[in-house]
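With the hints as extra help, turn the sequences into a complete structure.
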Amino acid sequence: MISFLQADNLTRHYQGVKAVDGINFSIEQGHCFGLLGPNGAGKTTTVEMLEGINEPTSGSIFYQGKPLGHRFKDEAGIMFQTTALQDYITVHETLEMFQQMYPRTTPLSDLIESCSLAEFLDRDTRKLSGGQRQRLLLAVALVNDPEVIFLDEPTTGLDPQARRNFWELLQRIKKRGKTIVLTTHYMEEAYVLCDDIIIMDHGHIIAQGTPKALLEEHFRDVVLQLPKADFPANCVQFQGQENGDVMEILSHDVNKTIHQLIELNVSLVGLRIRQRTLEDLFLALTGLELRV
Amino acid sequence: MSFRRFLAILRARNREFWRDRAALAWNFLFPIMIITGFAVAFSGDGPDLYKVGIVEAEASQKLNFEEIKYVQFIPVTELSAAITKVERHQLDMLIAPSRHQFWINDTSPAGYVLERLLKGSDQGFQRESVTGAGIRYVDWLISGILAMNLMFSALFGVGFVIVRYRKNGMLKRLKATPVTAFEFIAAQVVSRLWLLLSVSVLVFVCTDLVLDFRMYGRYLDLLIVFVLGAICLISLGLLIAARLASEELAGGLLNAISWPMMFLSGVWFSLEGINPWLLKLAQLLPLTHVINGARAIMIDGAGLMDILPNLMALVVMTVIFLAIGAYTFRWE
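Quick note, the sequences are listed as chains A and B, same order. Just so we're aligned: 276 in my numbering is position 213 of the first sequence, and the numbers increase by one with no gaps anywhere. Just so we're aligned: 1001 in my numbering is position 117 of the second sequence, and the numbers increase by one with no gaps anywhere.
Please keep in mind that the hints were generated in silico from the structure rather than gathered at the bench. One should not assume that every hint holds.
As the list claims (entries may be wrong) - Listed below are the simulated DSS-like cross-link pairs for lysine-lysine, each with C-alpha atoms no more than 27 Å apart in a straight line:
1) 190(A) to 1051(B)
2) 1059(B) to 190(A)
3) 1051(B) to 136(A)
4) 238(A) to 275(A)
5) 81(A) to 1059(B)
6) 1059(B) to 129(A)
Said to hold, decoys possible - Derived contacts from chain B toward chain A, CB cut-off under 10 Å, selection only:
7) 885
8) 891
9) 900
10) 904
11) 999
12) 1048
13) 1062
14) 1214
What the hints assert, rightly or not - Negatives, chain B to chain A, calculated, CB over 12 Å:
15) 933
16) 952
17) 1054
18) 1058
19) 1082
20) 1098
Built from N, CA and C at the ideal position, the CB exists for glycine as well.
Okay, structure coming up:
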C-alpha cells in the first residue's frame, strides 16, 4: 500500500554536521502527525525537507507514491515557524494575494469564517496581535484547500486561550480529512492533536507510534504528587523526584503506596495522582539537559 | 510563467510602496529639492573659472595664452560639436591653434574677456563669432538628477527590499507556493519600473513648470532612454540582491556601487578634461549612458540614432546583469 507521505533514509548535512541522519517514517492520509524533539533535534530541518523547501543531502520523499513536484506544491499548505507577510497590506488583501498563486482555492468566505478573521479583515497585517497573526498564517496555509498542511510550532508564543482556540481550528481541519504535519514543543498539544508522533534527538528518531501506545510501552506507573513540606526528609523507600515545591512519587500500586504514606504519618491533604504524560516520556527519552 | 501569479505579487508590491507614505514622499520630494536647490545655488553668473576648448589634433605648440591662471583648458576633438558648445555657453571660447581661429559667443561676457586676454598674449588669431542662448547649469543638471534618482530608487528600492524579504522570511514563504523565481523577479522589475517612470515624469513636469528647462530633442526619445536606464539599474539591483541575506552588507555594497557611479557618470559636473582612465571606467557604468543619452537629447537635440552606442550599452549591461542575477538568485 502506498503511503500518503513517506520519508526514506532522509539525511541532511550542514557543513559536516548531521542535522538529520537517515530517518524513515510514513504519514497516513487524514492523520495528524507530530514531530517532537528538543531544540536542535532536527525537527524543522525534517519538516522543511518534507515541504520541499530544503533539499535532502540524501534519501527520498514520496507524496502519494511520487517524488515531490508541482502537484505537491499545489496541494500543500505551509505555516512556517517564522514568516513575514507583505507590509502595508490588509488581511483580506493578503489572502487574495496568496489565493491568486494557486490553481485550486478555498473560498475566501470559508477561510474567513473557519479561521475567525472577520473582525480584523481590513487591518494592516503589521497591526495584528499574536493570536490574530497565527490565525491569518493558518488561513494562508489553507488558501489552496491543501491535502496536507505543515505547521511548524504554530502556537509558540500564544496565550492559553489563543492556543486552545487554535487547537479547535486544527481539530475542525482534521475532521475534513486533511493530513496535518505538526512540530511543537508543547507535549499537551501533541497529545491532544496527534494520531502519530515521532520523537527526534540528534537527527535520529528515538520513539515512534501513537501517543497512547508510546506511553503504555514506556510507563506502567502513575505519579503521586505531594507538597514537599508534607513529605518526610529522610524517607528513602519511595522512587521519586522533586519538582519545584512538589515531591513526585512513581508508583506501580497506588493503594500500596498510599498505605505506606499513611503508616509514615504523611498528610494526604495535598495528595494528587496523575497519569504519565508525553512530557514525562519526552524527558525520559531526551534527558533533562538544557538544549540551545 | 503564470500571469495571474505575476499580477498578484505586482499588486501587493505596488500597494506596499504607495501606502508607505514616508518612502513615497521621499521618492518624489528628494529630486525636486535637489534640483530646486541647485537652481537657486547656481542662478548667478556662475563660477569665475573660464572654460576654453583647444582643438587637440591641431595643437602644434603651446600658446602663451595657456599660461593664464584660472582658465580651464579642455582638449576637444570634434570642431563642430565644440562650436555648438560655444553657442550654448558650455565653452566660453574655442581655439584652433593651427588654423589661427577662435570662436566666442557674442552674447557671452566671459567670451569678451577671454578675447581680450588672447589678443594680449598671442597675435594673429581670426575671430569667429557664434550666437545662441546659454545653457544654464540647471538645464544641464536636470538629466543627471533624474538619472541619479533613478539609480538610487532602482538599486535600493529593489536590491534592499529583496534582501529584506529574504531576511524576514517573505521569500521563503513565496518559495513554498507555486510562484517561480522568474515571476517574482519580473513583478519586482515591473513594479519598480512603473514607479520610477511615474516619479521621473512627475518630477520633470513639476520642475519644468518652475525652471523652464531647455529641451531640444523629442520627449519620446527621452522616455526610451529612461525606460532602458531604469531596467538596467533595476537589474543591477537584482544582481546585488541575488544571494545576500544581510541588509547591512547589501547597504554597504549598494553604496559602494552608487556613490562612485554618481561621481564618475557626470551627474554634477562634466567629465570633459578628467583623467582618461576615469573616462574609460565611466563608460562601464550604466548611469553614464543614461545621463549621456538624456543630456544629448535634451541639450543637443539628439535622436535615438545619435545615442545608439549609449542605448546598446544599456541593453548589453541589462542582459548581463539579469542573466547573472537570475542564475545566482536564491530564495533563502
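Run the structure past the numbered hints and jot down the numbers of the failing ones, going up.
7, 11, 14, 17, 18
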